[in-house]
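Chains as they are written, first to last, in our numbering: chain V, 360 to 674; chain G, 8 to 296.
Hints in this document: simulated from the structure, not taken from any laboratory. Some clues are possibly wrong.
Unchecked claim - Okay, the calculated beta carbon distance ranges per label pair:
no., chain 1, residue 1, chain 2, residue 2, range
1, V, 518, G, 257, 19 to 29 Å
2, V, 672, G, 181, 15 to 25 Å
3, G, 94, V, 589, 26 to 36 Å
4, V, 665, G, 20, 24 to 34 Å
No residue lacks a Cβ here, since even glycine has one placed at the ideal position from N, Cα and C.
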Amino acid sequence: MREDAHGSRSGSRAAGAGSLGRWWQRSLVQEAVFGYLLVLPAIVGLLLFDAGPIVSSFYLSFTNADILTPPKWLGLANYTLLFQTDTFYKALRVSATFAFVAVPVSLVISLLLSVILNQNLAGKNVYRLLYYLPAVCSSVAVAMVWVQLYHPQYGILNWLLRLVGLPKLPWLNSTRWALPSVMIIAIWGSLGPQMVVFLAGLQGIPASLYEAAEIDGASRWENFLNITVPLISPSTFFLLVTGLIGAFQAFELSYVATGGGPAYATYTIAFYIFQCAFNFARMGYASAMAYVLAVIVLAITLIQFAVQKRWVYYE
Amino acid sequence: MGATRASIFKSRRLNERIVHTLSHLLLLLGAVTTTLPLFWMVSASLMQDWELAVYPPRWIPERLMWENYGRVFTVMPFARFALNSVKLAVLSTVGTLLSCSLAAYSFARLRFPGRDKIFLVLLATMMIPGAVRLVPVYIIFTRLGWVDTHLPLFVPSFLGGAYGIFLIRQFYLTLPQELMDAAKIDGCNPFSTYWRIVLPLGGPVHATLGLFACMGSWNSLMGPLIYLNSTELFTLPIGLTYFRGHQWAKVDWTGLMAGCVITVLPILALFVLTQRYFVRGIVLTGLKV
Chain V
360 MREDAHGSRS
370 GSRAAGAGSL
380 GRWWQRSLVQ
390 EAVFGYLLVL
400 PAIVGLLLFD
410 AGPIVSSFYL
420 SFTNADILTP
430 PKWLGLANYT
440 LLFQTDTFYK
450 ALRVSATFAF
460 VAVPVSLVIS
470 LLLSVILNQN
480 LAGKNVYRLL
490 YYLPAVCSSV
500 AVAMVWVQLY
510 HPQYGILNWL
520 LRLVGLPKLP
530 WLNSTRWALP
540 SVMIIAIWGS
550 LGPQMVVFLA
560 GLQGIPASLY
570 EAAEIDGASR
580 WENFLNITVP
590 LISPSTFFLL
600 VTGLIGAFQA
610 FELSYVATGG
620 GPAYATYTIA
630 FYIFQCAFNF
640 ARMGYASAMA
650 YVLAVIVLAI
660 TLIQFAVQKR
670 WVYYE
Chain G
8 MGATRASIFK
18 SRRLNERIVH
28 TLSHLLLLLG
38 AVTTTLPLFW
48 MVSASLMQDW
58 ELAVYPPRWI
68 PERLMWENYG
78 RVFTVMPFAR
88 FALNSVKLAV
98 LSTVGTLLSC
108 SLAAYSFARL
118 RFPGRDKIFL
128 VLLATMMIPG
138 AVRLVPVYII
148 FTRLGWVDTH
158 LPLFVPSFLG
168 GAYGIFLIRQ
178 FYLTLPQELM
188 DAAKIDGCNP
198 FSTYWRIVLP
208 LGGPVHATLG
218 LFACMGSWNS
228 LMGPLIYLNS
238 TELFTLPIGL
248 TYFRGHQWAK
258 VDWTGLMAGC
268 VITVLPILAL
278 FVLTQRYFVR
288 GIVLTGLKV
């Protein structure tokens, strides 16, 4: 259809070539000039805040930049130091655990809830709204509330555990439970946004497939595994890719809820980069670490794109 | 024969009803889980201090301590924080909508050399974690003398952003070409086509991006943490952390919960009011993938 429109336009241009004004009005030149003008702010932004910094931070990662003095070239020193630093490995492990546990778990929960919600149930919109609310709230406020809910002595969660006969947990106060506790907050906040995407995807699965399977005597669970899971996979893939990229940048919840503790148990790589850059004024070192993180995240993304053929169905 | 069919029908109806009831129970459990912490936050913000330190925990305050809210405003310049947050959220939202929709229209609907390459570069930057940008951007703002002002927190939003441009472009691509051609025949130049035809049609999609931008600015912690030093410039989230860090001996938790409610309530209200458009916007952009 667009090709068609293009063709008729060139025709009218030839007809009106007599006057310069009309040529301008009809021509592709006008379109191109406007095209460039309208993207200009975005290009300036791209250069100043995206592409430019991505390039210059690569340079900075080889220097001892600290804002106050002009950066001095250090060669690979930042990188070698990084790979000898214990805190770096700890932070990396925290972030990786966070990403590879919290993201899949929340995807499973939100897919199940979406499938349940996708039936013709009363109050569908109300449920969807309620599930979304946590994602709207400031993570600072959210973290502070959860700190109270997690209180070992007076917190509601331990009270609930006791109620169902389970032992109390130390939650944020122990090295073992602190990270799972932070992950629970993150999962709680991510269900709503994921469900919006899943629900939109579920609408696209033809009902006839389920009807045909029902005639063949398939159970609901079989339908879920054989029809829903494969056909929703493009949405799952999208959420997995963006979710993992996001998870490796997680920092706010630990910053507020635990300060990265106890004993670095919730100290994420983004937290470490932030502190190196702005609390310890080691900006070159922070840039090196950010680059290592970027390479890891990029590798994970590329691997996902490479293996998607095996499990993602596109019609 | 007829009887068995009727009984199959009946058992299926029964089965259906059981599934529906179970579904509602599960969904209800989920909804309680997502909203309970928020309910508790409001409840705790109206409690007396000692009520937070009793076992079994309390759900409802003994009497409503509205003075918790008053205390937040007297101990801290919380009204100032709120005002700063509103200012930054409005500016960021306007900036994001303006710059992203203009660029999206250009990428989706106008032809110019290099268009697709530029767009690809823009998309590629989305895959690079934000941490990489942190230091150089900070150096730029330091050179400009913008540290400890609000400028670094809203000026970038007037210069596009890959995510927003992508989101809106997806929608602009779906508009029929005939519409653009008709506008052109009526003498519209590319900008007036955008202004008169494209912009009014994008309601739900703009609402979606606007809401994202507003939420992003309102809830942002890292930006204010990096760029703001003076208390009178603080926004609500950083004000909250300051409020807690400010008290050495004993944290005023009920006051803090009141602060949390003040931080969360406006954006929650905005979301509830606009969520209709928001959900439609997500579907329209084909974010369904």
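task = Indicate whether the distance between the beta carbons of residue 672(V) and residue 181(G) respects the range 15 to 25 Å.
result = Holds - the Cβ-Cβ distance for residue 672(V) and residue 181(G), about 23 Å, lies within 15 to 25 Å.
query = Taking the beta carbons of residue 94(G) and residue 589(V), is their distance inside 26 to 36 Å?
reply = Violated - the Cβ-Cβ distance for residue 94(G) and residue 589(V), about 48 Å, lies outside 26 to 36 Å.
ask   = How does the Cβ-Cβ distance of residue 518(V) and residue 257(G) compare with 19 to 29 Å: does it lie in that range?
value = holds (23 Å)
ask   = So does residue 665(V) sit 24 to 34 Å from residue 20(G), Cβ to Cβ?
value = This hint is violated: roughly 48 Å between Cβ atoms.
Taken one by one, the earlier hints fail for this structure at numbers 3 and 4, listed in ascending order.
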